[in-house]
Every structure is written in C-alpha cells, then in structure tokens.
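These protein sequence lines are chains A and B, in that order.
Following my numbering, the numbering of the first sequence begins with 1 at its first residue and continues without gaps.
Following my numbering, the numbering of the second sequence begins with 1001 at its first residue and continues without gaps.
Hints in this document: simulated from the structure, not taken from any laboratory.
Please read these numbers as outputs of a predicted model, since none were measured by experiment.
Hints are not guaranteed to be accurate.
Sample of chain A residues with no beta-carbon within 12 Å of chain B, all distances over it, derived [said to hold, decoys possible]: (1) 30; (2) 53; (3) 140.
Short, incomplete list of chain B residues facing chain A, as computed with Cβ under 8 Å [unchecked claim]: (4) 1063; (5) 1080; (6) 1101.
For glycine and all other residues, C-beta sits at the position ideal for the given N, C-alpha and C.
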Amino acid sequence: MHKGTGMKRFSWFAWLWFMIGAVYFIIPLWGTFVFSLQKQRGVLSFAAYQSAFADPNFWESFLFSNLMALLTIMASLLLIVPTAYWVRLRLPRLRPVVEFITLLPFVIPPIVLVFGFLKSYSQPFTLFGIPLFPSLTSNTLLTNFLLVMGYTVLALPYMYRAVDNGLRAMDVATLTEAAQSLGAGWGTILWRVIMPNLRSALLSGALLTFAIVVGELAIATFLARPAFGPYLALLGNHRAYEPAALAIVSFGLTWLAMGLINLVTRGTQAESIVTGAH
Amino acid sequence: MAFLELSGVRKIFPNASSAAVESFDLAVERGEFISFLGPSGCGKTTTLRMVAGFETPTAGSILMDGRDITTVRPNQRSIGMVFQSYALFPNMTVAGNIGFGMSVAHMPKDEIQQRVREMLALIKLEALGSRYPYQLSGGQQQRVALARALAIRPQLLLLDEPLSALDAKIRVALRTEIRAIQRQLGITTIYVTHDQEEALSLSDRVVVMNQGVVEQVGAPFEIYNFPKTAFVASFVGTLNVVDATVVDPNTGALEVAGQRIYALPPLAGRSAGQTVKLALRPELFSPDSTGLHDENCLTGTVENVIFLGAVVRIHLRVGETLLLMDEFNNPNLSVPALGATIHLYFQRENCLLLVQ
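Chain A extracted, bound-state conformation (with noise of 0.2 Å):
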C-alpha cells in the first residue's frame, strides 16, 4: 500500500515538472502560431502561410535544402557508417580519437568553418606546381559539392552518435565473422547484414541531419547558395507574418520527423525485449 502511494506521489511530482516543461515550451510556440495567423486586422486567417506559399522563392530554397539535405544524408552515411563499423570491429583504441573529431562542430562555430572552407578551397589545389582540383567556388555545381561538405561536418555529432549506438546495440564482431564464414566479403556485410540492422540509428541520424541542414544559415550564406535558412533570414527582416508561419510549418515537420522516428524505433524496441526473454 504504502509503496503504491509512494508510486502514485512521486508521478504527480513528474507529471509536475513535465506540465512546467510543457507550458514553458508550448506557450510561445502558441503565442507564434496565433500571431502567425493575424496578416489580416481583426480577423484570425491563413493568409500568412497562403502569401508564404505562393512565393516562389520559398519553393526554390525549400527544394534546393531538401536536395542538399538528401545529398547530406548520403555523404554522411556513406563517411561514418564504414567508419563507425571499422572502429568498432578492428581499432577501438581509436574510438576516442574518432569521437574527438566528430565532436569538433561543437567546438568551432560554423562560421569559422565556412571561412576556412572560402579559404581552402576557393583557390585551384596544387602540388608542387601540379594542379589536383580546381577552385571549389568556381562554379555552382562545385559550390554545391562544398556546401554539402560543410553540412556532412555539421552533421558528424548526431550521425556518428547514432551510427556508434547502433552498432554497440548488435554483436557486430560475431555477425561479421558469420557472414565472413558464409562467404560474404565486406561490402556484402555492411549492405546486407549490418545497415539493415542499423535501420532505426540510420533513421534517427538522417533525420536530424535532415533537421540541420533545412535550418542552417552561416555556411549556405557564406557560399551564397539559394538555401532555405538565408531565404527565412531574409524574410524575416522584410516582413512580421511569414516568418511566424513558416517557423510553425517548420515545427511541424520536425515533429512529423521525430513521430517517424519513435514509430520506426518502437518495432526494433519490442523486438529486443522479445530477444531478451530468451
């Protein structure tokens, strides 16, 4: 009995701070919406978000981060999940080191990081005399190629975490060794055995890649690329309504990417408790 009304106590005090928590957040993510909904005096519309909408702008820089974003995906995954792979099967004594440099975007601000990109690579590379590539500003294809550079870096904390949890989840060493023994050579085991059981980390890492990328501003304006954080930037000096609308609609696909997530990760959640019983 009394352990249940400790129980019941120690809820209420939880439930306690997770409604504070709650209203901390929610009260100016409503006062946002509600104000994104007053382009017309005195009457509540979606006039904001329709204006939003219909401007081609918007759509070009939407488009063009979600192609980046998708671009960075596949530039992460296929840079840390080998990597994360090796480090977990064949050198762990490196893991401190590797988790070192994918901690550094924490560490230097994007806007250093696009000036030493701007400088790096914005002259041809030579060595001893011997041009290797050329300028990366040069053009806009190569422009794009360092922007999506920039954002795999950004990128590195949340995918490497992901990928490494992930990993630590399986009994990588052995599944390697039974794929090896039934013929499989590396590219066999990373496709068809580890990165299927990688799905929900993999998840996890390229929707909060994706999350980056769609918002970042420094490194997109610094290169001068049409992306969707410079085109928010831009509008919010111009107009008051917009904006709100668009930071609603942004929430909004950020939740919807956070629902996939726990929708993904809830399969393999129940599949481990199953395992486990065994």
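Model the placement of chain B on the given structure of chain A, informed by the hints.
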C-alpha cells in the same frame, strides 16, 4: 594424407607475454568428429578461429584437403561455423538466414529455396521458415545456425561452444542431434567445448588442451581411462591424484600414506624412493568389508558421504590423503557411517602412473 593438418601452429597476440597456442600439431581424417576440450583460456577457441581464418597463426601451417589455407581469407575457405551466441542475422527470417550463404554465392533462387527446405527438414523446423530469430527459442536458434552453416555444403564444420548458452535438457537433446546430423552428412567437424561430458559423448577423438598446449589426443575411452598427464587426469572426469613413493619398480610396489599397494610392473623409468603421481578413478574402487584381498587394499576413515542420485560418493581419509570412492546407488546399498573405518580395494591395472 589427412583431410585437415595443423603443423607447428603457434599464436601470440600482440602485447601478450605468452603464446595463446604453442606447437599445435593435429591430423584430422575426413568425416571425423574432433573435440577441443579444455578450461577457459587454454587456446581451444583461438585454434578453432585460426582454422576458420579469423586469426592468423604467428607460425605453422594449416592444410585442408592438401591446400594451404593458413592465410586464406575466411570467406574463401568453405568452412561452416556455428557460434556460441547463434549469430543469426536479426533482419532476416529463418529461411533468409539459411539461404544467405547461397545467395552470396549467387546460386539460382529455386535451388536456394530447395536447399533451404532440405535444411529445415534436417533440423525439423519446417514450419518456422518465415519466423525471425527473435521469435525462436535458444535451441531453435542454434538449430537454424547449424542449418545455415551446413547449407553452403562446407568442407569442414566448426562449432564454438554451441550449446553453452542453452539449458541442460536442451543441451543433451541438441548434442545428440548434432552428432546424428554430422554422421548423416559425413562432414568433418571440430567442436570446441569446456564440457568433458559433451566432448566424450560426441567425439571420435578428443584433443585436451591446457595453457595453449595439447596435453593429449585420443579416443574418449582412451582419454578417460588412460590419461597421460596429471592435467588430463584431473580435468577429465573425477579422479584421485595421490602422491605415492616407489618401493620396488620391478614388482610395481608403491606406498601411499604408509600402506603398500601395487601397480602393474615394471614401473619404467622410476627408481626406488622416488615420489610419483598416481591416478585412481573413484568408480574403480570397491569396498572390501570382508578383508578378502591381501593386496591393493587401503584402509581409511569415512569423512563424508554425498548422495549424487545415481552415485553415492564416499570421502575417505587415508593418512594425509583424501580419496573419493563412487558406488552405484541401489535401494539396498548400505552406506558407511561417518567416522567408520573401511577398506577399499582396487586392481593393479586400475592404478595409473602419470607423466609429470
């Protein structure tokens, strides 16, 4: 020529002070079932992993069917392996797991399906092909792992403590099944275990290992009844290992705690007064209540009597030495009282001198 030959195999891990495996020589015949038996850290799994290709020997060579595979990559050895932790691919169904090796080898789909059906029938899990590993019990998962390893028709099957994670009853049932399948397919098999009962009941030959070195290789009967070293004697089965003093090597006379006993003469390479290690199996003693035997009869005091179900184990103090005697249980067995003085008899041929 043997099917699998390990010659002078040695393995030292980086930064290790001693070798994990030292001077390992073994010739395995085609279709033979060999067990590596020993305590944790004795090098049995390391040796198995070198055969599988997951570790490279520091020295020595491994030949399979006349081909040197010492440095061949694991995925090019045609060796099936079953792991202690099953190692089934969680993202694949049972059928997907069994068919994996064949799909890697780009076999036609209908052939893969046919072989998967055969394998499912072999492990008697025909109805579970569409299940995922997490939906199976431990025993079922290990059966699937066995089927997966066999599906690729490997030349050699390796099993690394495959039953250790299972409970006792399933372990016994599954080991019988493994042996039956091995006999049915005639596949050369190496089985790693620290469980002597498993090794003795399954194998054609047992390799007993200790601290990276092979202590003895022989048939289970030979390993159990004629252990060559004190380690084998103590590790395989329960054994009394006692210190005895040689009295006369020509007649086989020895002395244990001041009492005269006889081993089969002559005691080659021993001299009078030398202390030797003597091995005596507890089940080869018999109580001598009538005092009929005038030789190989030891007298001692009962210190403890332990009921083990089929066997009753009596602890007998003979001087400084503690001897164990096993008697088969039966309802009419008269168990000696604690503190009673009794006599144990054993035959000369059951008295085994160990290499030290």
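Evaluated hints:
no., hint, result
1, 30, "42 Å, holds"
2, 53, "40 Å, holds"
3, 140, "40 Å, holds"
4, 1063, "19 Å, violated"
5, 1080, "6 Å, holds"
6, 1101, "3 Å, holds"
Taken one by one, the earlier hints fail for this structure only at number 4.
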